[in-house]
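Trainee: Given the structure of chain A, go ahead and fit chains B, C, D, E, F, G and H with the ligands onto it with the hints provided.
Number of protein chains: 8
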Amino acid sequence: ARTGDPEVVYGAGKTPDQVVAILRALHDKHPERAVLATRLTPEALATIGEALPEATLDPVARAVTLGPLPTARGTVAVVAAGTSDAPVAAEAALTVAVHGAGVERIDDVGVAGLHRLLGVRDRLAQADCLIVVAGMEGALPSVVGGLTGVPMVAVPTSVGYGASLGGVAALLAMLNSCAPGVTVVNIDNGYGAGVHAARVARQSAPR
Amino acid sequence: ARTGDPEVVYGAGKTPDQVVAILRALHDKHPERAVLATRLTPEALATIGEALPEATLDPVARAVTLGPLPTARGTVAVVAAGTSDAPVAAEAALTVAVHGAGVERIDDVGVAGLHRLLGVRDRLAQADCLIVVAGMEGALPSVVGGLTGVPMVAVPTSVGYGASLGGVAALLAMLNSCAPGVTVVNIDNGYGAGVHAARVARQSAPR
Amino acid sequence: ARTGDPEVVYGAGKTPDQVVAILRALHDKHPERAVLATRLTPEALATIGEALPEATLDPVARAVTLGPLPTARGTVAVVAAGTSDAPVAAEAALTVAVHGAGVERIDDVGVAGLHRLLGVRDRLAQADCLIVVAGMEGALPSVVGGLTGVPMVAVPTSVGYGASLGGVAALLAMLNSCAPGVTVVNIDNGYGAGVHAARVARQSAPR
Amino acid sequence: ARTGDPEVVYGAGKTPDQVVAILRALHDKHPERAVLATRLTPEALATIGEALPEATLDPVARAVTLGPLPTARGTVAVVAAGTSDAPVAAEAALTVAVHGAGVERIDDVGVAGLHRLLGVRDRLAQADCLIVVAGMEGALPSVVGGLTGVPMVAVPTSVGYGASLGGVAALLAMLNSCAPGVTVVNIDNGYGAGVHAARVARQSAPR
Amino acid sequence: ARTGDPEVVYGAGKTPDQVVAILRALHDKHPERAVLATRLTPEALATIGEALPEATLDPVARAVTLGPLPTARGTVAVVAAGTSDAPVAAEAALTVAVHGAGVERIDDVGVAGLHRLLGVRDRLAQADCLIVVAGMEGALPSVVGGLTGVPMVAVPTSVGYGASLGGVAALLAMLNSCAPGVTVVNIDNGYGAGVHAARVARQSAPR
Amino acid sequence: ARTGDPEVVYGAGKTPDQVVAILRALHDKHPERAVLATRLTPEALATIGEALPEATLDPVARAVTLGPLPTARGTVAVVAAGTSDAPVAAEAALTVAVHGAGVERIDDVGVAGLHRLLGVRDRLAQADCLIVVAGMEGALPSVVGGLTGVPMVAVPTSVGYGASLGGVAALLAMLNSCAPGVTVVNIDNGYGAGVHAARVARQSAPR
Amino acid sequence: ARTGDPEVVYGAGKTPDQVVAILRALHDKHPERAVLATRLTPEALATIGEALPEATLDPVARAVTLGPLPTARGTVAVVAAGTSDAPVAAEAALTVAVHGAGVERIDDVGVAGLHRLLGVRDRLAQADCLIVVAGMEGALPSVVGGLTGVPMVAVPTSVGYGASLGGVAALLAMLNSCAPGVTVVNIDNGYGAGVHAARVARQSAPR
Amino acid sequence: ARTGDPEVVYGAGKTPDQVVAILRALHDKHPERAVLATRLTPEALATIGEALPEATLDPVARAVTLGPLPTARGTVAVVAAGTSDAPVAAEAALTVAVHGAGVERIDDVGVAGLHRLLGVRDRLAQADCLIVVAGMEGALPSVVGGLTGVPMVAVPTSVGYGASLGGVAALLAMLNSCAPGVTVVNIDNGYGAGVHAARVARQSAPR
Ligand SMILES: Nc1ncnc2c1ncn2[C@@H]1O[C@H](COP(=O)(O)O)[C@@H](O)[C@H]1O
Ligand SMILES: Nc1ncnc2c1ncn2[C@@H]1O[C@H](COP(=O)(O)O)[C@@H](O)[C@H]1O
Ligand SMILES: Nc1ncnc2c1ncn2[C@@H]1O[C@H](COP(=O)(O)O)[C@@H](O)[C@H]1O
Ligand SMILES: Nc1ncnc2c1ncn2[C@@H]1O[C@H](COP(=O)(O)O)[C@@H](O)[C@H]1O
Ligand SMILES: [Mg+2]
Ligand SMILES: [Mg+2]
Ligand SMILES: [Mg+2]
Ligand SMILES: [Mg+2]
Ligand SMILES: [Mg+2]
Ligand SMILES: [Mg+2]
Ligand SMILES: [Mg+2]
Ligand SMILES: [Mg+2]
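Protein chains in written order, with the numbering used here: chain A, 134 to 340; chain B, 134 to 340; chain C, 134 to 340; chain D, 134 to 340; chain E, 134 to 340; chain F, 134 to 340; chain G, 134 to 340; chain H, 134 to 340.
Please note: incorrect hints may appear among the correct ones.
[Unchecked claim] As a list, the in silico DSSO-like pairs of lysine-lysine whose alpha-carbon atoms are at most 30 Å apart: (1) Lys-147(G) to Lys-147(A); (2) Lys-147(A) to Lys-162(C); (3) Lys-147(D) to Lys-147(B); (4) Lys-147(D) to Lys-147(F); (5) Lys-162(F) to Lys-147(F); (6) Lys-147(H) to Lys-162(H); (7) Lys-162(E) to Lys-147(E); (8) Lys-147(D) to Lys-162(D); (9) Lys-162(A) to Lys-147(A); (10) Lys-147(E) to Lys-147(C); (11) Lys-162(G) to Lys-147(G); (12) Lys-147(H) to Lys-147(F); (13) Lys-162(C) to Lys-147(C); (14) Lys-147(B) to Lys-162(B); (15) Lys-147(E) to Lys-147(G); (16) Lys-162(H) to Lys-147(B).
[To be verified] Here chain A is said to cover these stretches of chain H; the calculated rule only asks that three of the stretch's residues, wherever they fall, bring their Cβ under 8 Å from a Cβ of chain A: (17) 276-284; (18) 328-338.
No wet-lab data here; the hints were simulated from the structure. Where a beta carbon is used, it is the ideal one built from N, C-alpha and C, also for glycine.
For reference, chain A alone in the conformation it holds in the complex (with noise of 0.2 Å):
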């Protein structure tokens, strides 16, 4: 692409056949660099599995990827409360792999367990970007953004119910976070936010 990123393939809507014939004619163009596929159905990933067996296959994430990984260059890391946010922040550091930089997990860390968060301090801070990812009320980029000064991008999940509207109180949470410069992504998109936070931590690193 124009703006130099990797090939992506959104696969919602799409059937697994389609998707693994995309994959493979993007493959075979750059058999050198990374395609990513995203949003697959449990159908999908199980034809992908069988028609590409050379790809890498992330159930968690809901994705796949097709040739080598980019090297790493500076750090990225994904945070995230819960095991139902666990898809989203899965597709973000996928993302951030497939997009070059290196990924580091930070998981279990809620607000309401404010120990174990203040525990990853030093963790959060080495970091050259942040991406926060939390449902329900969204609360969780706002107490990591008192927290440390690094450059955060804040993921709304869909978790939740009723006044959750499908991830909208979370939305609204982070857009009105009182902690400074947290910026965010549309609801469960950890591509988005895996896009943004690779671009800065790899022109953050020393060259």
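Mentor: Quick look at chains B, C, D, E, F, G and H with the ligands alone, frame taken from chain A:
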């Protein structure tokens, strides 16, 4: 009132003279009890100050009381992050006092400054009920709720702009709090939170 | 948990086997305490029933407990109008019991049948905390709140169609209740109401 | 008008002089009939009072009539809880009178004071149509609808703040009323309720 | 019921067997009256057809009646534009009949075909109450309301897609109708419209 | 402009002096063309009237033109129901003229008075494009669209209150119109409708 | 139809057999004209293919035609960015053809690839009307509108997730386009755009 | 502040004297650093200009700084289309400078004038971070994001009317951008965008 609560005048949409008249009538009927008037304009506060010199004015809360406050039983801690939320916190605190419970104010403890919050942990734990006031992303109740099991009422405020939607973002966040047992009242409704918390505190105090 | 509450498993989005595994692990760690699992599918209930025969199943509440319930202190009255709201009322009631308070169920008392409601007035007044569950127009908390000054938590349910907007209509009604001191939790959140009410009831009971 | 109704001037967005001119023109054409003007500013009311001394001013309803009212047939009871809803109730009542039905006002009967409401039960039952006006949580129509089978129109008002969303909360509540047969008009639309109720009352009265 | 209405079973969320059991119980108590069950699934309709052969099934209305209909007094005209709105119109019509008024169906009269509408003008004028059902832009009540002064209830339906927002577009249109006296019920609520209209028609008919 | 359209100044948020300066600069550059300024406050209109006496003021449209209007080709009929919608209809009409098409005004034709509408059917059919302006329930485009197959642009206005939601009700109605081929512009956007309609009319007129 | 348009069957909510029956009846009445059926399920397409072998199936558009298409006059360019929007673009294109105008498809021209868009500038300029289809952020109409003054209809699609709110984000974007003269239809309403554009194109073509 | 950022005073809701007092106090504590105050009314700006003559006023940004700006490291390009968005762009630019990065302003580049945008492509590519400001349909970030892979923060503004919903339309568009890696801040939040972008630019510049 049938529920045993003091009389409260809702000042919004009433002229200063109307408020004075209602206050006077309620006070004359039961001079031994406190009457509370809320949501008063600066003009109403001034008019009451002149017409009812024995009234106690609380300009931050935009409220007045007339008549002796009841003896306090139990303690409600009113927690707020910033000066912007002060009017709502003050309305809550005054309402608690008028409804017969003691008030402990804990100010300046936002989610972006966790150390101040951790420093007041004991004061939170010693209260019989908590009122936690927050605008913007409304994250404070979740963080406080992770620190203590004291019953809590969260009050979203209309502080913010744009996607805060007049307080709806904070309201939704609080309704989706991952801290268990957080209950919520209407945006800016310090009064309602005060009534609930005072009831809880009073019945929790050993007789 | 740090707040002194029992462990609770949120079953939504977990497989039956995951729920069984988590329940078993928590129970093994503290066999002397109750563990609660909520939002269980019929499949999860069946799987648990077979895998953990000592668990107590509550199919109406879509929940199970494992381990002995704590001794009850204080009383929470759970008030609901109709059979449609039964699952939410049952989740609230079971949560109260698991969190150590006694439960009094008051069913079949809707706003359209005032006489039944007036008939239970004494039972309402004797409770330490009320949980009032209602869907559709969510009017029941306002009416109950006019009958008694006992602390109340209102639970809107998603029962309704069209302009009920999945429970948002009932939620908004309860947030705007003209009865003072009504606090509100998320749509269908019997669990959250139960935690708050049990805390209030326990600390209100004479020791 | 083709439907047999009197002419009504909607004052919002019109200058006082425009309202006077339209009233005068309509009155000159049919001096034997009443003309109604609603939604008048205090300035418009004052201008009309001077320019059309034979007009009858209703400052609470923010409305005037010019010309003789028709003979009343049938009775509409206009029910409202509080003083805040008075302008809407007054607009409804005046509209009923201008459209040829008798008016019975039942004030001060809110859902938080059931005994006053039960005390007016006979007056409700004797009306040919009910108009029930309520703001905030909009619960009154549900309660009244449980007491009587008289046809009812519910009018939500914009009284409230925060999550009342300018009357939308009351509107939604009324649309979801569990009392059967409640019909609803736009927020603050006392006029529309009055037209419907007067039509029902007139045709219900024995000729 | 206290209001003199027949018993009605709301079938949504009930199993076929539950509906059969309730219908049977209500019918046994008062075999001389009609019982109505609405919002029935095809499965419930089939089960009822077998278990209660004396019940009358109305598959278009997704409803059944059991027991003799009351003698009709007065007439309600049920007006609808298209086949998509037929289930709601049928629910309204059957509800009217069960509540003791006569029904006149006027179908296939949409706003885009004014001549058909003008052709039924007399039939509209002769009714005691109108029920006007419309989805999508919900314009039909405004046009009908310009043709006649008969009391009208408008029923928005969920027919449409995209910006119809599940019937909210039609609901808002009807609440803002420029035709005076249009009252509105919830989206798809043919039942509620039927109750109101039958009450109006019955009391309008000469005794 | 690159698209061949005349220059248009959007007056909202600009001071009267700024508008004068921009108008003068654009006029000096191309004195042979018309410049249009819209959304002018009364103050801006007055200032322009004095500073640019050769400008033509249209106070109803809250707009001015400077320089000669182009020769009209083709005809746009601007249809509106009431006086409240007049400013938007006037903005549309003036925009059409500035963009080189002829204007036919058809006023006072609301959905509640079908006979006036049927009386202008021929004038509608002879236009090359229709602009239909309506507030409140926004029903007029559907009715007009049933009478003629001329291309139509519908303009919702912010006229209304309560559930009109500032014009959103009319906007949604028009987007859901059952009349085929109705296209819609933003609320109160007479300008945008005028540009589209003038383009259609100009290219439809025989050269 | 009265407006001169061909008959169109809206397939949503109709059984395959119903669609076949309606198509056959309309075709028998006017075998010399085309009939269009839209929003067909795969089952309906299959049934029609068997029952009406002379029908032309368009599986991408989820539509069929029966009978000869009219001679095309004028040209509509249907512009779309991606494969996700293909069904809506295809519905628009087929509708244009059925309504008697020629179709020019311009695919694969998104806002993120400006050079492809600049490359089709001449083809855009030669059309008589443009239909621009876009989901997600709905930016394409603004960019196209800056390149040409040809009359344009924008069609938002429901492609997207999270904050796309089922197409509402794209709809709002198009309604607020800074390109003058963009008109908009309902989400996914390729049909409505096609009717408008065909009318414009036909009357723009020299006779 | 703990995060290493300069102190910033949020002027909204503070009196001019309060702002002066806070600025003075913060400046006295650290005269070697810059303090920033935003969201100042014209009155506050005037009062500060008199009371703190050494302060630097930025009336377009509605902001002031006091104390020396830090040495700039790295470059942030602030991109905006029109004069209406100027205040937000200026707030962003000043915030960047106060937070220690260099600023490059790129104005007058809207989506409707692609050639100006293509002409600044090199300047975009040379920045370390982009801030793209846009109101109305919020399309600019998508187009810029197709031209370059530089990390970007998009700022929706409240410029627009009607269906722009106070900036919500632009916000939603940006959240749904098809350009990968676009992150978003609250409506009109130039400050938040500036903090994020300055952090990214500073750490991207070679040390
Ligand atoms: N700040 C407040 N917010 C919400 N409700 C209030 C407030 N202050 C008073 N009220 C309620 O308003 C009632 C008095 O209303 P009124 O008779 O109009 O003065 C009191 O009994 C309270 O229930
Ligand atoms: N308070 C009101 N609310 C809603 N509609 C009204 C009201 N008062 C008058 N109207 C309607 O406005 C029409 C008159 O509008 P106008 O010609 O603008 O004065 C009347 O025929 C009524 O249909
Ligand atoms: N009433 C209006 N509504 C919407 N857009 C308008 C209006 N009047 C002018 N515009 C647009 O605003 C542009 C001029 O904006 P400006 O340069 O800020 O004056 C014109 O080219 C039009 O595209
Ligand atoms: N324009 C702005 N928009 C959003 N937040 C701001 C803005 N300006 C300052 N702030 C935040 O407000 C805080 C200061 O708030 P205060 O103490 O009320 O002046 C700063 O630390 C920033 O985080
Ligand atoms: Mg979370
Ligand atoms: Mg806060
Ligand atoms: Mg209920
Ligand atoms: Mg009320
Ligand atoms: Mg319709
Ligand atoms: Mg209208
Ligand atoms: Mg797109
Ligand atoms: Mg813009």
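Trainee: Taking each numbered hint in turn, which are not upheld by the structure, reported in ascending numerical order?
Mentor: Hint check: 2, 16 fail, others pass.
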